[in-house]
Amino acid sequence: MSGFREPGFSDRQKAAQEARKNLLNKFKSQPGPDDPAVVAKRAEREALAAKRAEAKAARDTEKAEQKRLQEEAAALEAARIAREAEEAVAKAAEAEAEQKAKRDARYAARKAKRK
Numbered sequence: 006m007s008g009f010r011e012p013g014f015s016d017r018q019k020a021a022q023e024a025r026k027n028l029l030n031k032f033k034s035q036p037g038p039d040d041p042a043v044v045a046k047r048a049e050r051e052a053l054a055a056k057r058a059e060a061k062a063a064r065d066t067e068k069a070e071q072k073r074l075q076e077e078a079a080a081l082e083a084a085r086i087a088r089e090a091e092e093a094v095a096k097a098a099e100a101e102a103e104q105k106a107k108r109d110a111r112y113a114a115r116k117a118k119r120k
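Read in the working numbering, the sequence shown has 54 at position 49, and its numbers run on one by one without any break.
Source of the hints: derived by calculation from the structure; they are not laboratory data. Think of the CB as a built atom: it goes at the ideal place given N, C-alpha and C, for glycine as much as any other residue. Errors might be hidden in some of the hints.
Lysine-lysine pairs mimicking DSS-like chemistry, simulated, CA-CA at most 25 Å apart [unchecked claim]: (1) Lys46 / Lys56; (2) Lys105 / Lys116; (3) Lys107 / Lys96; (4) Lys56 / Lys68; (5) Lys33 / Lys46; (6) Lys19 / Lys31; (7) Lys120 / Lys105; (8) Lys46 / Lys61; (9) Lys96 / Lys116.
With beta-carbon atoms standing in for the labels, derived distance ranges [what the hints assert, rightly or not]: (10) Glu103 / Ala63: 29 to 39 Å; (11) Ala80 / Glu101: 42 to 52 Å; (12) Ala79 / Ala58: 47 to 57 Å; (13) Glu59 / Ser34: 53 to 63 Å; (14) Pro38 / Leu81: 56 to 66 Å.
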């Protein structure tokens, strides 16, 4: 069995030239940009991209609609809370006025009793 023979300069140079030639042949064998298969693939990718863009636009529209509905619901809820607060303040003022009227009536009755 022979031992490992380290490649010399010319062997390495020949291997590099062969690799370059293989790479060039691989590149040349690829179809050009006007090849029907390449054109069909490009059209397919563009159609797919258009579908994705359309779906994204639909999702964005849906999100905007959801956000608008949520904001509308929040505004209605805030208005309801404000109305309830106003009603509570009005009830408290009415109750206070009623208590004052009762107190004044009792006071007037005491005054009338003394006279």
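Going through the numbered hints above, which ones does this structure break? Give me the numbers in ascending order.
9, 10, 11, 12 and 13
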